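Colleague: In order, the protein sequences belong to chains A and B. Counting from 73, one number per residue, gives the positions in the first sequence under this note's numbering. Counting from 19, one number per residue, gives the positions in the second sequence under this note's numbering.
Hints were generated in silico from the structure; no laboratory data involved. Nothing here was measured: the structure is a model prediction, and the numbers come from that model. The C-beta atom is built at its ideal place from N, Cα and C for all residues, glycine as well. Only true hints are included.
Estimated spans, in silico, between C-beta atoms of each pair:
no., chain 1, residue 1, chain 2, residue 2, range
1, B, 107, A, 130, 31 to 37 angstroms
2, B, 179, A, 324, 54 to 60 angstroms
3, A, 95, B, 107, 42 to 48 angstroms
Here's the letter readout for the chains.
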Amino acid sequence: MDPLDRVVKPKTKRAKRFLEKREPKLKENTKIAMLIKGGNANLTVAEVLKDIYAVKKPFAVLYRKKNITRPFEDQTSLEFFSKKSDCSLFLFGSHNKKRPNNLVIGRMFDYHVLDMIELGVEKFVSLKDVKNSKCPEGTKPMLIFAGDMFDVNEEYRRLKSLLIDFFRGPTVPNIRLAGLEYVLHFTAVDGKIYMRSYKVLLKKSGCKIPRIELEEMGPSLDLVMRRTHLASDDLYKLSLKQPKALKPKKKKNISHDVFGTTYGRIHMQKQDLGKLQTRKMKGLKKRPAEKAAEDSGVSPKKSKSA
Amino acid sequence: MAAVRVEEVLAAAEEQEAEKRRSVVVEKELELEFDLGNLLALDRNPPPAAGLRGAGPQREAQLLALARDNTQLLVAQLWELPAERAGGAGGPLVARLPEPTFRLPREKPPPRPKPPTRWEQFARLKGIRRRKRTSLVWDEQAKEWRRRWGYRRAGGDPARAWLAEVPAGADPEEDQFARLRREKRERVARNELNRLRNLARAHRAGAAVPAAPLHPTGHQSKEELSHVARVARVSTASLGRFQPRLPKEPAEPPSRSGGRKRRFEPLLGNLAAERSRQLELLKDMGSKKPVLDITRAVNKQLRQEEAEAAAAKGKKQSQRGKRGRRQQRAGRSSRKSGARRQQQQRPAGSGGGKRKKA
Chain A
73 MDPLDRVVKP
83 KTKRAKRFLE
93 KREPKLKENT
103 KIAMLIKGGN
113 ANLTVAEVLK
123 DIYAVKKPFA
133 VLYRKKNITR
143 PFEDQTSLEF
153 FSKKSDCSLF
163 LFGSHNKKRP
173 NNLVIGRMFD
183 YHVLDMIELG
193 VEKFVSLKDV
203 KNSKCPEGTK
213 PMLIFAGDMF
223 DVNEEYRRLK
233 SLLIDFFRGP
243 TVPNIRLAGL
253 EYVLHFTAVD
263 GKIYMRSYKV
273 LLKKSGCKIP
283 RIELEEMGPS
293 LDLVMRRTHL
303 ASDDLYKLSL
313 KQPKALKPKK
323 KKNISHDVFG
333 TTYGRIHMQK
343 QDLGKLQTRK
353 MKGLKKRPAE
363 KAAEDSGVSP
373 KKSKSA
Chain B
19 MAAVRVEEVL
29 AAAEEQEAEK
39 RRSVVVEKEL
49 ELEFDLGNLL
59 ALDRNPPPAA
69 GLRGAGPQRE
79 AQLLALARDN
89 TQLLVAQLWE
99 LPAERAGGAG
109 GPLVARLPEP
119 TFRLPREKPP
129 PRPKPPTRWE
139 QFARLKGIRR
149 RKRTSLVWDE
159 QAKEWRRRWG
169 YRRAGGDPAR
179 AWLAEVPAGA
189 DPEEDQFARL
199 RREKRERVAR
209 NELNRLRNLA
219 RAHRAGAAVP
229 AAPLHPTGHQ
239 SKEELSHVAR
249 VARVSTASLG
259 RFQPRLPKEP
269 AEPPSRSGGR
279 KRRFEPLLGN
289 LAAERSRQLE
299 LLKDMGSKKP
309 VLDITRAVNK
319 QLRQEEAEAA
329 AAKGKKQSQR
339 GKRGRRQQRA
349 GRSSRKSGAR
359 RQQQQRPAGS
369 GGGKRKKA
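Hey, can you work out the whole structure from these sequences and the hints?
Modeller: Laid out in structure tokens, this is it:
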């Protein structure tokens, strides 16, 4: 229901804006992630959450207190949090003997869990352990996925989609080329996923395109995939569905050929070629003396016949 | 000799550095897939597993090299995009990104279109368009532009109105201020009632659509799922008559509606109901009131005609443009509505007349 259509109408403009922000829209807001600590989270997991929060600011919410829930058994508390804070991505960290340094990364559709993937952190290097210069907060990162596993395996494909959704940030129409400073590189090898963050240095090269040098920055994680809870194909297809209004409108009567030339078609009505307006040739204009001579030239014929 | 060697070494090192500086070309077996709207690059090449197996700085160096190559390719693609200088000649170089192509699921389902409210239906019928109002109105007394409503409005604060004229046909003893306050309260209540009615209508119409989605939504109850299973069973060519049942699935109970054939009441069922039905029938036959309400029928017909006329006019207006619309509006308000009003009065009179005769 539209917030303007609620049974109890919002009494202030601020409340109305708050409700309008949360209702389903044609073009959606940037997804916000909630970072939650489980009942038995240890230092490593807490550090991971803090670092991811630093990377994803301001589109993330870090919950300070520990929440005793089990995402794979009961999803109601996650859904409740998502509804309260209007977040559709979550990262839940916990630790126990069977699953040490556990991270559950997931996303929601319509405030219900869509996909959840459990990852184990084998090695973690935090932001403050790497003593290099960092890039400013809120930089849109470049995402690179290397490895054929990300295409072959269905679970890895969903994981790739989840990670892109998680880290991509706001969708922007323009980007400052000198500001491309941050790159997140995911490699899938040997059943492990290596996530590395680098700071990009643009060096001079002979041509227009600069040469890239990378400097290790930021959090680096060695992950291994554990359990998954993926949405069924139908539900996933339903969530991918975009409303028709968002489809780019096709401009009629414009076509392109192989060489990139744009052709346009104009439809004209039938023209009276006698009344076409052509260029005025001032030199060919009849002067009054000439005109008179012509007239007199025409009339003698008539007089002769009469 | 040592000096020569040093020179050679220095020259070789400088050449190497110059080479490195110049090379922006990266060789890859398979081309990468790019989604520049998301600043995304997908590398399908299998990474060198042997090098990455051994832990430690060697692996990091390998990963760094791989990342560097991929980033170089992505940046090369980004630099190909049409770029311009934002903010004049000295501003930063800004590239225009295309739309993201990688399909990601939405956060919430797309918004459903709301059914039109009662006023919107009427406006569409009559062809009334929304006129944009100015936000400020000229106040003669204050001699300035004031807002239409709200703080410091054009007509002065209504709470401070010290004069209320007694209208021509009103009772002189009546309290006019009380009347104005009562009328305002009634107007507000009526507006609220209409809003709730529109809301209820929208809710009813909207709820009819997602009653039982036939695909799994992840949060369906047992009843919903059994309903869906029943629908699936009946959607065969023989309407589910030959569908095998699971070992413990209960047999389908006989349908309450009695299937496709008509149902008839049993002969000696409910005597009281039969009696009341027969009496009702006799009463209807004996009454003098005509079964067909002429007024309502004629009004319905007129409304239908008006709707058609409005639809046709709407089409013509969009063809003609502003000039045509102005001319149309001037003509319409005078001629047609007057004739309509007369027409509506006549049937009511004639219906009443007919009744008296019979």
